[in-house]
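There are 2 protein chains.
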Amino acid sequence: MPKISDKGRMMPESPIRKLVPFAEKAKKAGRKVFHLNIGQPDIPTPQSMIDAMHNLDVKVIEYSHSAGIHSYREKMCAYYKKHNIDVTPNDIIVTAGASEAILFAVQTCLNPGDEIIIPEPFYANYNGFATSAGVKVKPIISSIESGFALPPISEFEKAIGPNTKAIMVCNPNNPTGYLYSAEELEVLRKIVIKYDLFLFADEVYREFCYDGTVHHSVMNLEGIDDNVVLFDSVSKRYSACGVRIGAMISRNREVMSTAMKFAQARLSPPSLGQIASEAAMETPESYFTEVIEEYRKRRDIVVEMMNNIEGVVCPNPKGAFYVTAKLPIDDADRFCQWLLEDFSHENQTVMLAPATGFYSTPGAGKNEVRISYVLKVDDLKNAMISLEHALKEYPGRIL
Amino acid sequence: MPKISDKGRMMPESPIRKLVPFAEKAKKAGRKVFHLNIGQPDIPTPQSMIDAMHNLDVKVIEYSHSAGIHSYREKMCAYYKKHNIDVTPNDIIVTAGASEAILFAVQTCLNPGDEIIIPEPFYANYNGFATSAGVKVKPIISSIESGFALPPISEFEKAIGPNTKAIMVCNPNNPTGYLYSAEELEVLRKIVIKYDLFLFADEVYREFCYDGTVHHSVMNLEGIDDNVVLFDSVSKRYSACGVRIGAMISRNREVMSTAMKFAQARLSPPSLGQIASEAAMETPESYFTEVIEEYRKRRDIVVEMMNNIEGVVCPNPKGAFYVTAKLPIDDADRFCQWLLEDFSHENQTVMLAPATGFYSTPGAGKNEVRISYVLKVDDLKNAMISLEHALKEYPGRIL
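Protein chains in written order, with this note's numbering: chain A, 1 to 399; chain B, 1001 to 1399.
It is worth saying that the hints were derived from the structure and are not from the lab. Hints may contain errors.
Mimicking SDA-like on lysine to any residue, the simulated pairs with C-alpha atoms at most 25 Å apart in a straight line are [as the list claims (entries may be wrong)]:
| id | chain 1 | residue 1 | chain 2 | residue 2 |
| --- | --- | --- | --- | --- |
| 1 | A | Lys27 | B | Tyr1063 |
| 2 | B | Lys1190 | B | Ser1143 |
| 3 | A | Lys32 | B | Ile1069 |
| 4 | B | Lys1003 | A | Val187 |
| 5 | B | Lys1027 | A | Val58 |
| 6 | A | Lys3 | B | Ile1193 |
| 7 | A | Lys3 | A | Lys18 |
| 8 | B | Lys1075 | B | His1065 |
| 9 | B | Lys1032 | B | Glu1304 |
| 10 | A | Lys28 | B | Ile1069 |
| 11 | B | Lys1032 | A | Glu62 |
| 12 | A | Lys136 | A | Arg17 |
| 13 | B | Lys1028 | A | Glu62 |
| 14 | B | Lys1082 | B | Pro1044 |
| 15 | B | Lys1326 | B | Ile1038 |
| 16 | A | Lys59 | B | Leu1375 |
| 17 | A | Lys59 | B | Gln1047 |
| 18 | A | Lys190 | B | Lys1003 |
| 19 | B | Lys1326 | B | Phe1034 |
| 20 | B | Lys1326 | B | Glu1304 |
| 21 | A | Lys25 | A | Asn347 |
| 22 | B | Lys1138 | B | Asp1196 |
| 23 | A | Lys138 | A | Asp331 |
| 24 | A | Lys376 | A | Ile309 |
| 25 | A | Lys59 | B | His1054 |
| 26 | A | Lys32 | A | Leu391 |
| 27 | A | Lys59 | B | Asp1051 |
| 28 | A | Lys82 | A | Ser48 |
| 29 | A | Lys194 | A | Gly223 |
| 30 | A | Lys32 | B | Ser1066 |
| 31 | B | Lys1190 | B | Gly1147 |
| 32 | A | Lys376 | B | His1065 |
| 33 | B | Lys1032 | A | Val58 |
| 34 | A | Lys18 | B | Arg1253 |
| 35 | A | Lys28 | B | Thr1088 |
| 36 | A | Lys3 | B | Pro1162 |
Which chain A residues face chain B? A few, computed with CB under 10 Å, are given here [said to hold, decoys possible]:
| id | residue |
| --- | --- |
| 37 | His54 |
| 38 | Thr131 |
| 39 | Asn252 |
Glycine included, every Cβ here is placed at the ideal spot set by N, Cα and C.
Assemble the whole structure, with the sequences as input and the hints as a guide.
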């Protein structure tokens, strides 16, 4: 039997996936499991997207242009313009989710062995994309004490070495919900100029900003057009994760023409998803106003109830729909498994994402979990009550 | 300005894409261009797939399971059963086209620097996938004189070295249309056992077999379940290239569980495309009977008219919807560009794919072109007449 590759062996397994069999067992045993572990929103997809499928008017479901349907890219430009970002259709390659955009950018910009600096905790799958491209992630820690703010410039400079090619940020952040300030972005701008680095930014949660805060895009940082690559996605914006439509965006012509070779090799992004996403551009502003108000309420409940639990530290983030909280426990992986295997309160339990999967520094985040507030308010309240009881009963509780 | 990666620089550009600007210019100048260069069929997508979108009944377009919707994978098993292939849903990962399936398999099974043997000419994008995974393609030539039959076992053995990890075939073949016989597959079976190699097979044209021939799948080769990985796609089968739904299929458990880590990193294959593809399973056999009869007619016309042109050698392939033919020309790339830039007959011209892009041996295929017979019979006839005139006029004609 031929052997699998070293890369295949090294490829990290999602820390959440490991818990799935335990969740299934809990459900089979009749327990209700509140899923606070996932990034799949429960918010309805805009009717315009569903209607676009109901009214699909084609004889042949054809490949699109490898960079995406031109009229869709034009409408994307109008969308970005509303967010004060000036781009042309040539600056955009439509991809199969932000995932494919990240893969294209990493392959286009980094050689195997090159390093990419990412403030941690970070979206777990960045590790997978790096492994698959043979690239090394150099984490620098954003601490929960600072609410997961951008680490100081000195930490970046300590991490930068001869193989450093890029810095990557997610803003607003998954898994922390942290929204970077204009000043923090300015820090990034200075570093990438000084060290001639690429700046990758995952801004898929752009709309989800609370308490009157404003999102600042890396696309508007002065004088670094050739350094910046943006990753975007309609998944969270329109609660349409299944359409698998994202984008890689940059004003660096060499980067885009090189990325196009990767895009052409896979022929086309999904056409149906593009048609739906083009229709999504007609979504009225009121959709976002309502959705953001709903998430804001949910966040407030989670943050308040969490901080009322003894020993819990839960920052109050300004964006996305995640919080990363510190719990009075010995080991988040063990705790999350215990919740599903051994715990129930009124026949209910909670599924959380252990934060260890969001760090690449071994041992970091051992007493932290990510909570996605993608459930309705009443369910969230019940989930928080269950969690409070669980933290009293858990044998590995640390006070 | 930071530099792009070596891999990005080395990534091959599609030989067809290079011609696109010339085709656009020809059209702008008012000439009709017959597109025989593409793999986008003109056949209507089955109504069941369009109806599945018209009747889409979801509130949220959600991620599917990373391996694909379970009910779709179950129906795929029933489809394979009809083709005498026994697989379970666990043997299947649904992917964004066969392209993603190939990427997953190459990453799962080969290390950077490993070699994969592919009879050439082969589907041009295999080069791109290999480059993107840092893997080396070792071509062995299938000659036009033998109608592009599988090279003899001695040629494989000459190519096999210490870094050889896999053999890849496409059956029926793109770009030659060649359909491998049971005996030829037996040759492959023996080689992969003897040298403990993976056998990758792209069988996306399975249904397209003519003249009463039968397709033999690598999945039915005895005793090599752990070696075989199958790539499939609904793109050509249902003339639905835009849904971007393919599959990676293997009975090797370690390969599949490793590939799942790559699949999980990108979360989900396209959900809308999967819903359409699941509905496609209801397509009546009469659809294929008609489509195959239509392609058979087209092939007959192309092969007959081509062989009637002086100096042309055109084999009569049994499968897919391509022929690769030898022309009396100095250089296929130059000829294909000349057709678009400088030639017209009754204000019409032809766009062909130079075969050089389907070889990785430098200089091979210099006087060959691939013709996709994806146009209606009348258009095909007109295109062949234009081509005949062009071959008389072309300044680089060689007799």
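Hint by hint, here is what the structure shows:
1. With a C-alpha separation of about 20 Å, the suggested pair A/Lys27 and B/Tyr1063 falls inside the 25 Å cut-off, and the hint holds.
2. For the given pair, B/Lys1190 sits about 22 Å from B/Ser1143 by alpha-carbon distance, which is consistent with the 25 Å threshold.
3. A threshold of 25 Å between alpha carbons decides the hint, and for A/Lys32 with B/Ile1069 the separation of about 23 Å falls inside it, so the pair holds.
4. A C-alpha spacing of about 22 Å is found between B/Lys1003 and A/Val187, which places the hinted pair at or below 25 Å, so the restraint holds.
5. With a C-alpha separation of about 23 Å, the suggested pairing of B/Lys1027 with A/Val58 holds against the 25 Å cut-off.
6. At most 25 Å may separate the alpha-carbon atoms for a hinted pair to count; A/Lys3 and B/Ile1193 meet this at roughly 13 Å.
7. Proposed proximity of A/Lys3 and A/Lys18 is supported: the alpha carbons are some 24 Å apart, at most 25 Å.
8. For a cut-off of 25 Å, the pair hint linking B/Lys1075 to B/His1065 stands: about 15 Å separates their Cα positions.
9. At most 25 Å may separate the alpha-carbon atoms for a hinted pair to count; B/Lys1032 and B/Glu1304 meet this at roughly 23 Å.
10. Straight-line distance between C-alpha atoms of A/Lys28 and B/Ile1069 comes to about 20 Å, which keeps the hinted pair within the 25 Å bound.
11. Annotation: proposed proximity of B/Lys1032 to A/Glu62 holds, straight-line Cα distance about 21 Å (limit 25 Å).
12. Straight-line distance between C-alpha atoms of A/Lys136 and A/Arg17 comes to about 23 Å, which keeps the hinted pair within the 25 Å bound.
13. The hinted pair formed by B/Lys1028 and A/Glu62 meets the criterion: a straight-line CA distance of about 23 Å does not exceed 25 Å.
14. Taking the CA atoms of B/Lys1082 and B/Pro1044, the gap is about 23 Å. The hint holds against a cut of 25 Å.
15. Our distance criterion of 25 Å between C-alpha atoms is met by B/Lys1326 and B/Ile1038, whose separation comes to about 18 Å.
16. With a CA separation close to 15 Å, the supplied pair A/Lys59 and B/Leu1375 stays within the 25 Å bound.
17. The suggested pairing of A/Lys59 with B/Gln1047 holds, with an alpha-carbon distance near 8 Å, which does not exceed 25 Å.
18. In summary, the hint linking A/Lys190 to B/Lys1003 is supported, as the alpha carbons are separated by about 18 Å, within the 25 Å threshold.
19. Restraint check: the Cα-Cα separation between B/Lys1326 and B/Phe1034 comes to about 19 Å, which is no more than 25 Å; the hinted pair holds.
20. For the given pair, B/Lys1326 sits about 14 Å from B/Glu1304 by alpha-carbon distance, which is consistent with the 25 Å threshold.
21. Restraint check: the Cα-Cα separation between A/Lys25 and A/Asn347 comes to about 14 Å, which is no more than 25 Å; the hinted pair holds.
22. Restraint check: the Cα-Cα separation between B/Lys1138 and B/Asp1196 comes to about 17 Å, which is no more than 25 Å; the hinted pair holds.
23. Among the hinted pairs, A/Lys138 with A/Asp331 is consistent with the structure: their alpha-carbon atoms are about 24 Å apart, no more than 25 Å.
24. For the suggested pair A/Lys376 and A/Ile309, the alpha carbons sit about 21 Å apart, so the restraint of at most 25 Å is met.
25. Between A/Lys59 and B/His1054 the CA atoms are separated by roughly 13 Å; this keeps the pair inside 25 Å, and the hint holds.
26. A threshold of 25 Å between alpha carbons decides the hint, and for A/Lys32 with A/Leu391 the separation of about 18 Å falls inside it, so the pair holds.
27. Of the supplied pair hints, the one linking A/Lys59 and B/Asp1051 holds, its CA atoms being roughly 11 Å apart against a limit of 25 Å.
28. As the CA atoms of A/Lys82 and A/Ser48 are separated by approximately 19 Å, the hinted pair is consistent with the 25 Å bound.
29. Our distance criterion of 25 Å between C-alpha atoms is met by A/Lys194 and A/Gly223, whose separation comes to about 12 Å.
30. As the CA atoms of A/Lys32 and B/Ser1066 are separated by approximately 23 Å, the hinted pair is consistent with the 25 Å bound.
31. Among the hinted pairs, B/Lys1190 with B/Gly1147 is consistent with the structure: their alpha-carbon atoms are about 23 Å apart, no more than 25 Å.
32. About 23 Å separates the Cα atoms of A/Lys376 and B/His1065, which keeps this hinted pair within 25 Å; it holds.
33. A distance of roughly 23 Å separates the Cα atoms of B/Lys1032 and A/Val58; the hinted pair therefore holds under the 25 Å criterion.
34. Annotation: proposed proximity of A/Lys18 to B/Arg1253 holds, straight-line Cα distance about 17 Å (limit 25 Å).
35. Proximity of A/Lys28 to B/Thr1088 is assessed by CA-CA distance (about 23 Å); at most 25 Å being required, the pair is judged to hold.
36. Using a Cα cut-off of 25 Å, the hinted pair A/Lys3 and B/Pro1162 holds, with the two alpha carbons roughly 14 Å apart.
37. Hint status for A/His54 relative to chain B: holds, with the closest Cβ pair at about 6 Å, below 10 Å.
38. Because the beta carbon of A/Thr131 sits about 8 Å from the nearest beta carbon in chain B, less than 10 Å, this interface hint is met.
39. With a cut of 10 Å, the hint placing A/Asn252 at the interface with chain B holds, because the nearest CB-to-CB distance is about 7 Å.
This entry satisfies every hint, going by the numbered hints stated previously.
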